[in-house]
Structure formats: structure tokens, C-alpha cells
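2 protein chains.
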Amino acid sequence: MTDIAARYQTVKQHILDRIGSGDWPPGARIPSENELVAELGISRMTVNRAVRELAQEGRVVRLGGVGSFVAEPQSAPETIAIPPIAQWIAGRGRAHRWRVVESARFEARPELARLYGLPAGTRLAFALILHAENDRPVQLEERHINLDAVPSYAETELPDDMLARALPGATTHTTVEAVPPNRRTAELLDMKAQESCLLITKRVENAGIVASIARLFHPGSRFRLEN
Amino acid sequence: MTDIAARYQTVKQHILDRIGSGDWPPGARIPSENELVAELGISRMTVNRAVRELAQEGRVVRLGGVGSFVAEPQSAPETIAIPPIAQWIAGRGRAHRWRVVESARFEARPELARLYGLPAGTRLAFALILHAENDRPVQLEERHINLDAVPSYAETELPDDMLARALPGATTHTTVEAVPPNRRTAELLDMKAQESCLLITKRVENAGIVASIARLFHPGSRFRLEN
DNA sequence: CAGTGGTCTAGACCACTCC
DNA sequence: GAGTGGTCTAGACCACTGA
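Residue numbers (numbering that gives the first Met the number 0), protein chains in the order written: chain A, 0 to 226; chain B, 0 to 226.
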């Protein structure tokens, strides 16, 4: 809306110039907000916004109670895709088969409810689904679905597809880690002793409510994320 | 720094909730800043920050002099970030310490050369680096570097930083998998028996030539990718 | 014209870290 | 305790839009 540069933009550029010129090398401490206020003669909120945006852009690291520091040069954003299992199998040119190992509906007991941040007694669906490529198991999907958030859920459909259609605006929080399998998981996934599991956890939230939590177990020897 | 929700975060969530619940469908106008100020009883700067960040995140579109509108649904790329270990540790507010466990230079024997797609006899540097957050090991970096592609390499610097600076245009191919650790890895990473390793492999190529291959081992109980 | 977002100010309180 | 960043307030002026 404004043609002339906003003051916080000027401050950002001022800091970037100092970094680019080598005055403030990576790792160096940059002046505190109060020092910049004094030096530049502007209000602290303006300085704060400038430095905060530089932090969001990864040019600066801020540590509360300590100071702000020039970030190390960015190595590329480096992301890796986490495709739905059907897509992962299709990408390898194999056939996707799946079967429901177990399925139930019940009301959340207090411990489970607390874990999911839902009121106790919330109606949940549970499904244990085994996915295979050419009859070799590659994923065990252990899924809880909040039926209040997704009343249309039915066991005849893959939860991933169903959620994408039922909750187009949902946000997904994902984690990836390595865990040893428990006995049943190892058995269902036809894993050797000693073999590790790649575990992907997906928490789907819609309107701030947890709609689904999935734990996806994969045999370490047959599943690998790639970009 | 603060564990309890900041007020602007609450406002963001409030708006996201309304969008998620369908109260405010895509394209709909959301209340003006002044309306939100009156409705929520907070200052305009706080409302402004909330809505401005939602705009940055692509959930809302703002038009000066007109109003703010719910953005059309984003096709969610479903990716997860793989930060350099220094950044991962910094993001948790811990101190990053590292030491070179082993380091060598030699010419690639045929098997290794074939594995990397390089001519036999290529000069390579090898480094085994242990990374710790607050003295607790979280990554064992096992790295080969093609000295023909990166002649400037020296052991005094982290390979990640060095590569980012020496080969700004390089492409990285990454994989993520779960493996059981071998004895030495488990020992260096201070892992319990049975514990699994999250293994990230990075192959850096510059101008079609493999410049570096890194295998990054992480203790499953202490390292997790997240978005 | 009234309403919108964009920006800025000069204070303030807090939690945290380091000494 | 002094210093840091994190947040919030209650005002303000501006450029822009649309009836």
C-alpha cells in the first residue's frame, strides 16, 4: 500500500547489509533490540518486527534471554516427501493390496483421551490396516479417528482418502522416527528379528480438534523415504 | 520462551477454527481488524499480527482498503524438513558440540568407486564426526568427500557448511530409513541394546559429479523429524 | 465520506539466561 | 540483578478503497 520503504524494512535491509558485508559474520551476535533502538532512533516494536522477520526467514537466530545471532549460511531447505502409501507403492510400479486386520468403535477412556487432547468419552473408531506391495507387507497402519469430527467414516474406505475428502482444510502434523517393533507388529509386517521400524506419525487437526491420529509402521529393510 | 499460548496465537487459532468449521468458507470475508478488536477485547496490534501471519502462511488474503478473505484451500505438499544437525539442535535451544572421531584421505578402491559412480582412484576424504546436543550424542556423521570436486575441504570445518559454501548450486538426493546400528555406531551414540537408528543418507552432486556422500545415524530414542 | 489494512510509537510486564 | 527477547497496549497517522 505504501510506496516508500517501511521503517522496519529499512532496519531489515540495514542488518542484511551488515551481514553481507562481513561486518557481522555467521555466529556473531547482533546488537540487542535496545541497542538498535538507541542507534537508529526508532521504537522497539519496529526493531522487534524487523529482527523477528529475519529470524522467520532464517537469516538470524534468536535466543530469549541471550541475544540474536547471525545464522549460519543456509544449506537448501532440504525437504523430503511423505506420500500416502498407495502412491508410494504405485511409484514403484507394484500392486497395492490392503486388508483390515482389526476394527472397532468405542468411547475414549481417560488416558487415551488425554493423550489426544480430547474429552473423555469421545467416540472413536480404531482400525489396524495392513498394506502390501505385491503381497509383501510394507506398512501397518494403526489409526484412531474421532467420529465427532468425521461422522462419515466407514471401514470400507482407506482413511487417508476419506480424510482428504472430508476435511479439505485440515492441517497435518507429521513426525518420522525409528523404533523397534513390538512382537505383533513384527509378525504382521513379516520382519526378521533385530530389524528396525520406520515410524511415521500423522496427527490431523481440523478447526483445532484432533480428527485422526495414525501411526504408520514400516519394515526398515523394505521401506525408505526418498526425494 | 513462553509455554502458555500467546494472545496472537489464540487469535490465529480462533480464526483457523472458524475456517475449519466451515463458518467462514473459502472466499468469505473475515471480520475487520477493528471488529476483531471489539469482539475479542484485545488491542489492534495483536489482531494485526495474528492476521498478518495467517496471510504469510497463505491461509488468508489481505487487501488494503478492502478487507481480509479466507484463501482458497492449499494443496498440501505433505513434506517434512530435514534440517542440518546444527539447525536441528539450535531449534531445540541446546548447544551443539562436535568432534572428529576419525579422519583420513585415500584413493577410492574399485568397489567403493563403483558404489559412488566415480572412477577408481578418485581422491577421497573420509570423516567420522560425532554431534551432540548438550553433550548427549544425537548424530554420527559418516562422510566421504570427493576431493576433485571440493578441493577446498579441510577437517576443521563442518562438511555441511563447507559444501553449502563451496558448491552453492549443488543438488542433494536424500533418503530416510530405519536400520539397526552396528556395534561401533551404537557405542559412539550411547544407544541401548535393541534401540533403532534413524539413518539419513545425503548424496550431493555438482554438475553431475558426486561431490559427497554422507550417512547420518541418529539414536531412535533421541532424534525425530518433525514439521 | 467512512472503512480498511499498513505502519509506528512509547511505554509496559513477563520469562528466561548469565553472572 | 542486569540484560535479553516475547508479548501486549492504546493510542496515532497514512494510503488506499468503495459507495
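Hints listed in this document are in silico derivations from the structure and should not be mistaken for laboratory results. Using N, Cα and C, we set each Cβ at its ideal position, and we do this for glycine too. Don't take every hint at face value.
In silico contact screen, one side only, chain A against chain B (beta carbon under 8 Å); selected entries [to be verified]:
(1) Val100
(2) Gln193
(3) Leu224
For each hint, the structure was consulted:
The criterion of a C-beta within 8 Å of any C-beta in chain B is not met by A/Val100, whose closest approach is roughly 21 Å, and the hint is violated. Nearest Cβ of chain B to the Cβ of A/Gln193: about 5 Å, under the 8 Å cut. The hint holds. Taking 8 Å as the C-beta cut-off, the interface hint given for A/Leu224 holds, the closest approach to chain B being about 4 Å.
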